[in-house]
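Peer 1: Below are the chains, spelled out letter by letter.
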Amino acid sequence: MKKDIILAGVGGQGILSIAATIGTAALNAGLHLKQAEVHGMSQRGGDVQSNLRISDREIASDLIPFGKADMIISVEPMESLRYLPMLSPEGWLVTNTKPYINIRNYPEMEKLMAEIQLQPRHIALDADEIARQLGSPKSANMVILGAASPFLGIDYQQLKDAISRIFSKKGEEVVKVNLDALQAGRDEAIRQKAPADNS
Amino acid sequence: MQKLLLLGDEAIAQGGIDAGMSGIYAYPGTPSTEITEYVMHSKEAKALNIKASWGANEKTAMETALGMSYAGKRAMVCMKHVGLNVAADAFVNSAITGANGGLIVVAADDPSMHSSQNEQDSRFFGKFALMPILEPGNQQEAYDMVHFGFELSEKFRIPVLMRITTRLAHSRSGVARRENRPQNSLKLPENLKQFILLPANARRQYKALLANQPAFIASSESSPFNFLIDHADKRLGIIACGLAYNYLIENFENHEVPHPVLRIGQYPAPHKLIENLYDQCDSILVLEDGYPMLEELLRGLLNRGKTIKGRLDGTIPRDGELNPNIVAVALGLADTRGRDIPALVTGRPPSLCKGCPHIYSYNALNEALSEFYKGRVFSDIGCYTLGALEPFDAINSCVDMGASITMAKGAADAGLLPAVAVIGDSTFTHSGMTGLLDAVNDHSSITVVILDNATTGMTGGQDSAAVGKIEDICEALGVQKEHIRIINPLQKYHEENLAIMKEEIAFEGVSVIIPRRECIQTVTRRMREAKKLQSTEKVEA
Numbered sequence: 001m002k003k004d005i006i007l008a009g010v011g012g013q014g015i016l017s018i019a020a021t022i023g024t025a026a027l028n029a030g031l032h033l034k035q036a037e038v039h040g041m042s043q044r045g046g047d048v049q050s051n052l053r054i055s056d057r058e059i060a061s062d063l064i065p066f067g068k069a070d071m072i073i074s075v076e077p078m079e080s081l082r083y084l085p086m087l088s089p090e091g092w093l094v095t096n097t098k099p100y101i102n103i104r105n106y107p108e109m110e111k112l113m114a115e116i117q118l119q120p121r122h123i124a125l126d127a128d129e130i131a132r133q134l135g136s137p138k139s140a141n142m143v144i145l146g147a148a149s150p151f152l153g154i155d156y157q158q159l160k161d162a163i164s165r166i167f168s169k170k171g172e173e174v175v176k177v178n179l180d181a182l183q184a185g186r187d188e189a190i191r192q193k194a195p196a197d198n199s
Numbered sequence: 001m002q003k004l005l006l007l008g009d010e011a012i013a014q015g016g017i018d019a020g021m022s023g024i025y026a027y028p029g030t031p032s033t034e035i036t037e038y039v040m041h042s043k044e045a046k047a048l049n050i051k052a053s054w055g056a057n058e059k060t061a062m063e064t065a066l067g068m069s070y071a072g073k074r075a076m077v078c079m080k081h082v083g084l085n086v087a088a089d090a091f092v093n094s095a096i097t098g099a100n101g102g103l104i105v106v107a108a109d110d111p112s113m114h115s116s117q118n119e120q121d122s123r124f125f126g127k128f129a130l131m132p133i134l135e136p137g138n139q140q141e142a143y144d145m146v147h148f149g150f151e152l153s154e155k156f157r158i159p160v161l162m163r164i165t166t167r168l169a170h171s172r173s174g175v176a177r178r179e180n181r182p183q184n185s186l187k188l189p190e191n192l193k194q195f196i197l198l199p200a201n202a203r204r205q206y207k208a209l210l211a212n213q214p215a216f217i218a219s220s221e222s223s224p225f226n227f228l229i230d231h232a233d234k235r236l237g238i239i240a241c242g243l244a245y246n247y248l249i250e251n252f253e254n255h256e257v258p259h260p261v262l263r264i265g266q267y268p269a270p271h272k273l274i275e276n277l278y279d280q281c282d283s284i285l286v287l288e289d290g291y292p293m294l295e296e297l298l299r300g301l302l303n304r305g306k307t308i309k310g311r312l313d314g315t316i317p318r319d320g321e322l323n324p325n326i327v328a329v330a331l332g333l334a335d336t337r338g339r340d341i342p343a344l345v346t347g348r349p350p351s352l353c354k355g356c357p358h359i360y361s362y363n364a365l366n367e368a369l370s371e372f373y374k375g376r377v378f379s380d381i382g383c384y385t386l387g388a389l390e391p392f393d394a395i396n397s398c399v400d401m402g403a404s405i406t407m408a409k410g411a412a413d414a415g416l417l418p419a420v421a422v423i424g425d426s427t428f429t430h431s432g433m434t435g436l437l438d439a440v441n442d443h444s445s446i447t448v449v450i451l452d453n454a455t456t457g458m459t460g461g462q463d464s465a466a467v468g469k470i471e472d473i474c475e476a477l478g479v480q481k482e483h484i485r486i487i488n489p490l491q492k493y494h495e496e497n498l499a500i501m502k503e504e505i506a507f508e509g510v511s512v513i514i515p516r517r518e519c520i521q522t523v524t525r526r527m528r529e530a531k532k533l534q535s536t537e538k539v540e541a
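Residue numbers (our numbering), protein chains in the order written: chain L, 1 to 199; chain C, 1 to 541.
In isolation and in its complexed conformation, chain L is listed as follows:
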């Protein structure tokens, strides 16, 4: 088993909490893990990414080789495209469709979506809207993670356990909200096209 994942977004959107959840689940499943993050200057509203590698065998490089990523998980649509050179031709692109516009020349949404559609395997969903409907706008991250969950190669229960563990300090209500967000994202992905094989 090997999953190489690019997590993408804008500094401050909290992609590292997605990484932490997958990481916790992977460690509990006894897998090896490497995760390269971006700190420092780029965190200030710039584009950020994290290379997350999990495997049942020893991992060599902290960086995923170009064209070998199994998945791009992005909390922002334009950012999902920035890392296409990293994605394997068979890879999945799972992205939020809600743009984060802090630059003047942000591309037109229609053209952006057309580029995303070009990727043979993709899931695109408005995670902010789904989270808002659940009454917890802050959990858009977990909606995205839920949408990626059918392709992660990690048992869904492991992911749920990881969320329970990570958010347990903040109380039962917060755990529940995040689990609901996870499930909503997963349901949407399965509705769009996923083979729901619980893999």
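One or more hints might be untrue.
Stated by the list, open to error - Mimicking DSS-like on lysine-lysine, the simulated pairs with C-alpha atoms at most 30 Å apart in a straight line are:
1) C:Lys234 x L:Lys169
2) C:Lys532 x L:Lys138
3) L:Lys138 x C:Lys46
4) C:Lys354 x L:Lys111
5) C:Lys531 x L:Lys160
6) L:Lys111 x L:Lys176
7) C:Lys46 x L:Lys160
8) L:Lys170 x C:Lys354
9) L:Lys98 x C:Lys3
10) C:Lys532 x L:Lys170
11) L:Lys169 x C:Lys46
12) C:Lys3 x L:Lys3
13) C:Lys46 x L:Lys176
14) C:Lys3 x L:Lys2
15) L:Lys170 x C:Lys43
16) C:Lys3 x L:Lys68
As the list claims (entries may be wrong) - Pair ranges (Cβ atoms, derived):
17) L:Glu108 x C:Asp230: 23 to 31 Å
18) L:Arg132 x C:Thr524: 28 to 36 Å
19) C:Arg235 x L:Lys138: 56 to 64 Å
20) L:Arg165 x C:Gly300: 20 to 28 Å
21) L:Ser168 x C:Glu256: 42 to 50 Å
22) L:Arg165 x C:Ala202: 55 to 63 Å
23) L:Pro99 x C:Phe372: 21 to 29 Å
24) L:Glu108 x C:Gln2: 44 to 52 Å
25) C:Lys3 x L:Ser168: 15 to 23 Å
26) C:Pro224 x L:Arg132: 29 to 37 Å
Source of the hints: derived by calculation from the structure; they are not laboratory data. Just so you know, these numbers come straight off a predicted model, no measurement behind them. Note that CB positions come from ideal geometry on N, CA and C, so glycine has one too.
Based on the hints, put chain C in the right spot on chain L.
Peer 2: Chain C only, in chain L's frame:
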């Protein structure tokens, strides 16, 4: 014991805690900051009474660590690569004084300049100082090398340089810990003249350092971090330093490279191991992050030996950090690069945070200077360097810590009037104060804007040495009290602020303007923590 999931930086910190370190000193700088922060936040470190503090700059941190080593205890000092330039005087001379208690100097390089103004390779500094260098290839090694480094330092009574790069510093992986080693007790050097670098003594000490070089090389030859892996295809031999080894083996099934590989993690370069590889192979490929240090040594000036491939012959790009693909292409393997980035994807440069006080300060400064032609604002290193970008386009230089004030002085001396310096509070106490003294002593006509957000912002909000002291420092350095002006950088005070800026810019002499408002990030964090505290108190009540 269960493995800990640690950043490379954190592995070094945990290594220090477990290896009997008594103190860690640093000035924040990406990608080195998390080492010291980890020790500061560690309950274990607190229980062990390990001293952890931010110095005013890298030089004071380096000297403090050297002082702790003098007293017989193990000390660590951490900085980013350009910080080693600031600490260089103390660093180079510490090789001549030597160490007493183990001393490790960590320099975190930033190839590809993710968060830096250059990509200098600290291994050259170690070589220059004639010091042993350790270069970990993964998080576990980073941890293990701290233990090894302290032993090495005490064995040869020499500080040891540990060189890491951004990629290791900010990547997480599992790390297995070792048993805790007790700290050293206070013990002065046997020779109380060891640290006196008077010429007569320095000459003796320097000869001893030179005499020790063969022993350092011998240690590299037998180092657990340097090893030759033999394989059949000897048309090519590969030298892989630090992380480069991972990028190399990533390209082969089961991580088995068909060529002989010499993996290097300790310097000075292990001569015999390199000779062994060189003799059995037709050509050599050198993979090293940073500058082509070993490659240059192997080629020599005349390059008359076997073919040496690397950054100098174009096999690998001359600049930037390595990755698995660059190594694949260098080996003649397929470039697996996927779909191109669509043309509509635009750059998203970092920007000042919403609510950042610098936003107001730059807008006001731009307005105050609007009657003059552009090109007279000298800036410095920090969040406010983002004033170079749109929509501000407010600054004209960013070179090194403190250079804003001195460059403004030089330009004013040349006749550029008015000349303005913009510097942050922490950068001011790091390296700005001495320049301000120069300007005062020389009666230069400059206006220094000290953006006081009460923190070291860019690196994540560490304590600033300047808090509560800036105007007193300026006055003590000789700036006239009536020309030290504190303003509140908020739009509602704009008229008053603008008038003050214009007045001081017009003043012929040294003037200081201090826009003072706390960093929005540290305010938010403080409020969050206060709220958390409040709710726990409620629960306890």
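Peer 1: Would you say the C-beta atoms of Lys3 (chain C) and Ser168 (chain L) sit inside 15 to 23 Å of each other?
Peer 2: holds (22 Å)
Peer 1: Quick one, are Lys170 (chain L) and Lys43 (chain C) close enough, alpha carbons at most 30 Å?
Peer 2: holds (22 Å)
Peer 1: Just to be careful, I want the Cα atoms of Lys354 (chain C) and Lys111 (chain L) compared with a cutoff of 30 Å; is the pair within it?
Peer 2: holds (28 Å)
Peer 1: With respect to the beta-carbon atoms only, verify the hint that Pro224 (chain C) and Arg132 (chain L) lie 29 to 37 Å apart.
Peer 2: violated (55 Å)
Peer 1: Do the Cβ positions of Arg165 (chain L) and Ala202 (chain C) conform to the proposed distance bound of 55 to 63 Å?
Peer 2: Cβ of Arg165 (chain L) to Cβ of Ala202 (chain C): about 58 Å, so the range 55 to 63 Å holds.
Peer 1: Take a quick look at whether Lys138 (chain L) and Lys46 (chain C) sit within 30 Å of each other, Cα to Cα.
Peer 2: violated (35 Å)
Peer 1: Quickly compare the C-alpha distance for Lys3 (chain C) and Lys3 (chain L) to 30 Å and report which way the hint goes.
Peer 2: Answer holds: Lys3 (chain C) to Lys3 (chain L) is near 21 Å, not above 30 Å.
Peer 1: Per the hint of 42 to 50 Å, is the separation of the Cβ atoms of Ser168 (chain L) and Glu256 (chain C) within bounds?
Peer 2: 43 Å Cβ-Cβ, so the 42 to 50 Å window holds.
Peer 1: With the threshold set at 30 Å, check whether the alpha-carbon distance from Lys531 (chain C) to Lys160 (chain L) stays at or below it.
Peer 2: Roughly 28 Å separates the two Cα atoms, so the pair holds.
Peer 1: Holds or violated: Lys46 (chain C) with Lys176 (chain L), Cα cutoff 30 Å?
Peer 2: Judged against 30 Å, a Cα distance of about 36 Å means the pair is violated.
Peer 1: With a cut-off of 30 Å on the C-alpha distance, tell me whether Lys170 (chain L) and Lys354 (chain C) pass.
Peer 2: holds (27 Å)
Peer 1: Confirm or reject the claim that Arg132 (chain L) and Thr524 (chain C) have a C-beta distance inside 28 to 36 Å.
Peer 2: Taking Cβ atoms as reference, Arg132 (chain L) and Thr524 (chain C) lie about 22 Å apart, which means the hint is violated.
Hint check: violations occur at hints 1, 3, 6, 7, 9, 13, 17, 18, 20, 23, 26; the rest are consistent with the structure.
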